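Undergrad: Model the placement of chain X on the given structure of chain L, informed by the hints.
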Amino acid sequence: MTQHHQFDAIIVGAGGAGLMAALHASKLAKVAVISKLYPTRSHTGTAQGGIAAALGNMEEDHWEWHMYDTVKGGDYLVDQDAAEILARDAIDAIIELEHMGLPFDRTPEGRIEQRRFGGHTANYGERAVMRSCKSADRTGHMILQTLYQNCVKQQVTFFDEYFVVDLLFNNAVGGRVCCGVVAMHIDSGEMHVFHAKAVLLASGGFGRMFKITSNAHSLTGDPVAAAFRRGLPLEDMEFFQFHPTGIYRMGILLSEAARGEGGVFINGLGERFMERYAPNLKDLASRDVASRSMYLEIKAGRGINGKDYVYLDIRPESINKYKSAPGGRTVTAEELEAKLPDIIEMMRVYQGVEPMKEPVPIQPTAHYAMGGLPTDNDGRVRADAGDGLVPGLFAAGECACVSVHGANRLGTNSLVDLVVFGRRGGKAMAEFCQQASFAALPANPEAEAVAELERIRTKTGQEKAARLRDEMQNIMMDNVSVFRDEPLMRVALDKVRELKRRFQQVQIDDKGKRFNTDLLETFELGCLLDLAEVTTVSALNRTESRGGHSREDFPKRDDVNWLKHTFTSIAQPSGAGLTQGEMAVTYRPVVITKFQPKERTY
Amino acid sequence: MKISLKIKRFNPESDQKAHWETYALEVEPADRLLDALHQVKWYQDGTLALRRSCAHGICGSDNMRINGHNLLACKTLMRDVVKEGGTVTVEPMLGLPVIKDLIVDMEPFFAHYRSVMPYFINDEPLPADGRERLQSPEARERFDQGTKCILCAGCTTSCPSFWSNGNYVGPAAIVQAHRFIFDDRDRAAEDRLEVLNEQFGVWRCRTVFNCTEACPRGIPVTQLIGEIKQALTTGKLD
Numbered sequence: 001m002t003q004h005h006q007f008d009a010i011i012v013g014a015g016g017a018g019l020m021a022a023l024h025a026s027k028l029a030k031v032a033v034i035s036k037l038y039p040t041r042s043h044t045g046t047a048q049g050g051i052a053a054a055l056g057n058m059e060e061d062h063w064e065w066h067m068y069d070t071v072k073g074g075d076y077l078v079d080q081d082a083a084e085i086l087a088r089d090a091i092d093a094i095i096e097l098e099h100m101g102l103p104f105d106r107t108p109e110g111r112i113e114q115r116r117f118g119g120h121t122a123n124y125g126e127r128a129v130m131r132s133c134k135s136a137d138r139t140g141h142m143i144l145q146t147l148y149q150n151c152v153k154q155q156v157t158f159f160d161e162y163f164v165v166d167l168l169f170n171n172a173v174g175g176r177v178c179c180g181v182v183a184m185h186i187d188s189g190e191m192h193v194f195h196a197k198a199v200l201l202a203s204g205g206f207g208r209m210f211k212i213t214s215n216a217h218s219l220t221g222d223p224v225a226a227a228f229r230r231g232l233p234l235e236d237m238e239f240f241q242f243h244p245t246g247i248y249r250m251g252i253l254l255s256e257a258a259r260g261e262g263g264v265f266i267n268g269l270g271e272r273f274m275e276r277y278a279p280n281l282k283d284l285a286s287r288d289v290a291s292r293s294m295y296l297e298i299k300a301g302r303g304i305n306g307k308d309y310v311y312l313d314i315r316p317e318s319i320n321k322y323k324s325a326p327g328g329r330t331v332t333a334e335e336l337e338a339k340l341p342d343i344i345e346m347m348r349v350y351q352g353v354e355p356m357k358e359p360v361p362i363q364p365t366a367h368y369a370m371g372g373l374p375t376d377n378d379g380r381v382r383a384d385a386g387d388g389l390v391p392g393l394f395a396a397g398e399c400a401c402v403s404v405h406g407a408n409r410l411g412t413n414s415l416v417d418l419v420v421f422g423r424r425g426g427k428a429m430a431e432f433c434q435q436a437s438f439a440a441l442p443a444n445p446e447a448e449a450v451a452e453l454e455r456i457r458t459k460t461g462q463e464k465a466a467r468l469r470d471e472m473q474n475i476m477m478d479n480v481s482v483f484r485d486e487p488l489m490r491v492a493l494d495k496v497r498e499l500k501r502r503f504q505q506v507q508i509d510d511k512g513k514r515f516n517t518d519l520l521e522t523f524e525l526g527c528l529l530d531l532a533e534v535t536t537v538s539a540l541n542r543t544e545s546r547g548g549h550s551r552e553d554f555p556k557r558d559d560v561n562w563l564k565h566t567f568t569s570i571a572q573p574s575g576a577g578l579t580q581g582e583m584a585v586t587y588r589p590v591v592i593t594k595f596q597p598k599e600r601t602y
Numbered sequence: 603m604k605i606s607l608k609i610k611r612f613n614p615e616s617d618q619k620a621h622w623e624t625y626a627l628e629v630e631p632a633d634r635l636l637d638a639l640h641q642v643k644w645y646q647d648g649t650l651a652l653r654r655s656c657a658h659g660i661c662g663s664d665n666m667r668i669n670g671h672n673l674l675a676c677k678t679l680m681r682d683v684v685k686e687g688g689t690v691t692v693e694p695m696l697g698l699p700v701i702k703d704l705i706v707d708m709e710p711f712f713a714h715y716r717s718v719m720p721y722f723i724n725d726e727p728l729p730a731d732g733r734e735r736l737q738s739p740e741a742r743e744r745f746d747q748g749t750k751c752i753l754c755a756g757c758t759t760s761c762p763s764f765w766s767n768g769n770y771v772g773p774a775a776i777v778q779a780h781r782f783i784f785d786d787r788d789r790a791a792e793d794r795l796e797v798l799n800e801q802f803g804v805w806r807c808r809t810v811f812n813c814t815e816a817c818p819r820g821i822p823v824t825q826l827i828g829e830i831k832q833a834l835t836t837g838k839l840d
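From first to last, the protein sequence lines are chains L and X.
Counting in this note's numbering, the first sequence runs from 1 upward without gaps.
Counting in this note's numbering, the second sequence runs from 603 upward without gaps.
Chain L with its partners taken away, still in its complex shape:
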């Protein structure tokens, strides 16, 4: 028996963006938050470095400088009106978080403490600036906890451990309208239909397409795939960020904060190689620049012992030798332990190295999706590359593409994206609900979702989901990551399409109804395969290098032909199952207001 619920607004995902949207939307509308995890398990909680805002508590700072850094950091693909909103609203958003109780670190005067971070500068690129507001090296954890605490205080309605399988649309005259979601209650296995005036997707990224990733196992982009399967376009999917400092082989992230406190990259010859690639900011250059530099060193045979990794060196004697700490001051092991406790612990636990005495092996790790569901500046999802919107559908956070990060995201800009655009999306959605009425649900709203899940549950075949997932993750990491070229990406695209065909023959072990994680992991794999195909198609399509999309066959940025966003969609919606057939790419111009594109050097 399918249970039906009715709410004004449904939010899918309980990370920073979803919870911020919930806090604001629930003041005006009847809201429910659906999450496939308990909210405090969301990946926002793992963000380490900080949240950027031009508060100017430590030194002079202005939102215009933050806006510039964001636009340049995004390699000029950023919609500059969105970047202005991010930089301006950031200040207010951090203050709102503090008023909600967030325990920021403090200066001796009692103000919120800020530190330097990669790509954030004073006076339009002159020198590094202290803009990142922080709480030790667990800022994301504090934000997630504080937002959840306030949701408990405000008695927000939660549906914890419900897995959203499908989005519902009413194909009304004049264009379709979003009218709800279908979700499985994971514990009981029962299907639930949520009828709503509006849905806001805040489901995070999808780094599990790649073998080495900082992303949680749960980050499989299911609602993004659901929207795509229903025929909606995804924007800028070719832009995926590979963070330079992932723990070698494991992908676990070591925050840029380590470099903010003075850590440096060292190659197999013992050189601080970033001096060559980014003479001004050196190890604090933007992430894509750092990842590419590391990759080039490794390719030139200058990895450690000629292997496929370099070192991150945070030993006090190295920092002091290079004078790389803030202000060139001398640091001690004690200070570093106090400022970077979690990162240092991870190095000890997972690497078995003592970072105060030895350098740490690191490699680029798939970290952040700059692309996703295209939205306007208030989180309304776009129906096409023109001005069409999907009434009743909103998105915020990593799963959305406003685009505020363009071709590459600066560190500490994600947390601020979540709170600024989560708030805007929540408010815009609540206002929408005041005007809108409920659009009728389609007949048998859960039928397609149930059919696909039952197909997976009951199928007998010779394929195993885990093996298909390994093959997908390997080919994406090898052929569609830090460096790309046409032949390799073609191989990857063929492989992903082959895996999608083989997916139809997957047989799972668990045939039960309750808490069937075998079934759900297989469904998640299907979502990742669709997203991997979109990513590869978009990457093949863009014949230039920009930000996180770097091609050995088109190594230069080409503003003449490519200063535009890509919108990729399927010709034929596929319901709740994998997409089939060709994908089409259309384009939308980049919004340029204050900063004309220039060559991007650090």
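No lab work stands behind these hints: they were computed from the structure.
Misleading hints may appear alongside valid ones.
[Said to hold, decoys possible] Restraint ranges, calculated between C-beta atoms of paired labels, are given here: (1) L:Arg348 x X:Val810: 20 to 30 Å; (2) L:Arg467 x X:Pro729: 52 to 62 Å; (3) L:Thr460 x X:Thr689: 32 to 42 Å; (4) X:Asp731 x L:Glu431: 27 to 37 Å; (5) L:Arg467 x X:Asp725: 51 to 61 Å.
[Unchecked claim] Every beta carbon over 12 Å from chain L, so not counted as near; a handful from chain X, in silico: (6) Ser616; (7) Trp622; (8) Leu627; (9) Pro631; (10) Gly670; (11) Gly687; (12) Thr689; (13) Thr691; (14) Ser763; (15) Val797; (16) Asn799; (17) Leu839.
The structure displayed is predicted, hence computed values, not measured ones.
Think of the CB as a built atom: it goes at the ideal place given N, C-alpha and C, for glycine as much as any other residue.
TA: Same frame as chain L, now just chain X:
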């Protein structure tokens, strides 16, 4: 190294009772227990049910009993729990109803969490300059320990007092309350202390120290509970 994983299995749809199943595996010494569990799930027996997400000790999803101790599976290295040819025993946390295999019902745990008003309360006017409330670094440091809690339930489900009576609010809820009671910006310390002064509040703590041992974040849980007891006894917050 070649090892065995002995896992306590329970399928609510077909089992009357839990039972043990043993799996043979090959692991690297630096692999995490979560990696070993995934090896079983992905390549041997897909019915194995467990919660996990971030895989590096932050989200708190995968606390479970490993060789009899509450640990996060993703933070436990194989070399620390087993030698070549040995067996690791893996079971769900105690004190909360088992739903399936290593998955327990977290609702009672979160109900206790909500009962201590685990959120910031200050209804005084906001600063006139529109900026942050001020707080000294020392005042910030005072309640830092409690801010680290990831609600993994390792402490509460390692507590014999909680095992004997699940109405006890439990160490985790007390830690969450402590975080606000000792935050000098908050104004509801009295209300939370009142909640904890109840029959199943802080006085169920018998200073066993299992909670402190179990905490994967290194929070001195017993000490924080002691500070609450002291506040209730002396009527003063230090």
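Undergrad: If a hint holds in the structure, say so; if it does not, say that too.
TA: Quick rundown of the hints versus the structure:
Roughly 28 Å separates the CB atoms of Arg348 of chain L and Val810 of chain X, a value that falls within the hinted 20 to 30 Å. Roughly 58 Å separates the CB atoms of Arg467 of chain L and Pro729 of chain X, a value that falls within the hinted 52 to 62 Å. In this structure, Thr460 of chain L and Thr689 of chain X meet the distance hint of 32 to 42 Å, their C-beta atoms being roughly 34 Å apart. Taking the beta carbon of each, Asp731 of chain X and Glu431 of chain L are about 29 Å apart, inside 27 to 37 Å as hinted.
Take Arg467 of chain L and Asp725 of chain X: their Cβ atoms lie about 57 Å apart, and the range 51 to 61 Å holds. Consistency note on Ser616 of chain X: stated as away from chain L, yet its beta-carbon is not over 12 Å from all of that chain's, at 8 Å minimum. The non-interface label for Trp622 of chain X is consistent with chain L: the shortest C-beta to C-beta separation is roughly 19 Å, beyond 12 Å. The Cβ of Leu627 of chain X lies farther than 12 Å from every Cβ of chain L, with a closest approach of about 14 Å, so its non-interface assignment holds.
At roughly 9 Å from the closest C-beta of chain L, the C-beta of Pro631 of chain X falls inside 12 Å, breaking its exclusion from the interface. With a closest Cβ-Cβ approach of about 21 Å to chain L, Gly670 of chain X is found to remain outside the 12 Å limit, as its non-interface label requires. Gly687 of chain X, annotated as away from the interface, keeps every beta carbon of chain L farther than 12 Å; the closest lies near 22 Å. The beta carbon of Thr689 of chain X is kept farther than 12 Å from every beta carbon of chain L, the shortest such distance being approximately 23 Å.
Non-interface call for Thr691 of chain X relative to chain L: holds, since the shortest CB-CB distance, roughly 21 Å, exceeds 12 Å. For Ser763 of chain X, the shortest C-beta to C-beta distance to chain L comes to about 24 Å, beyond the 12 Å cut-off, and the non-interface label holds. For Val797 of chain X, the requirement that its beta carbon stay farther than 12 Å from each beta carbon of chain L is met, with the minimum near 14 Å. At roughly 21 Å, the least C-beta separation between Asn799 of chain X and chain L is larger than 12 Å, which holds for a residue marked as non-interface.
No Cβ of chain L comes within 12 Å of the Cβ of Leu839 of chain X; the nearest lies about 17 Å off, and the non-interface call holds.
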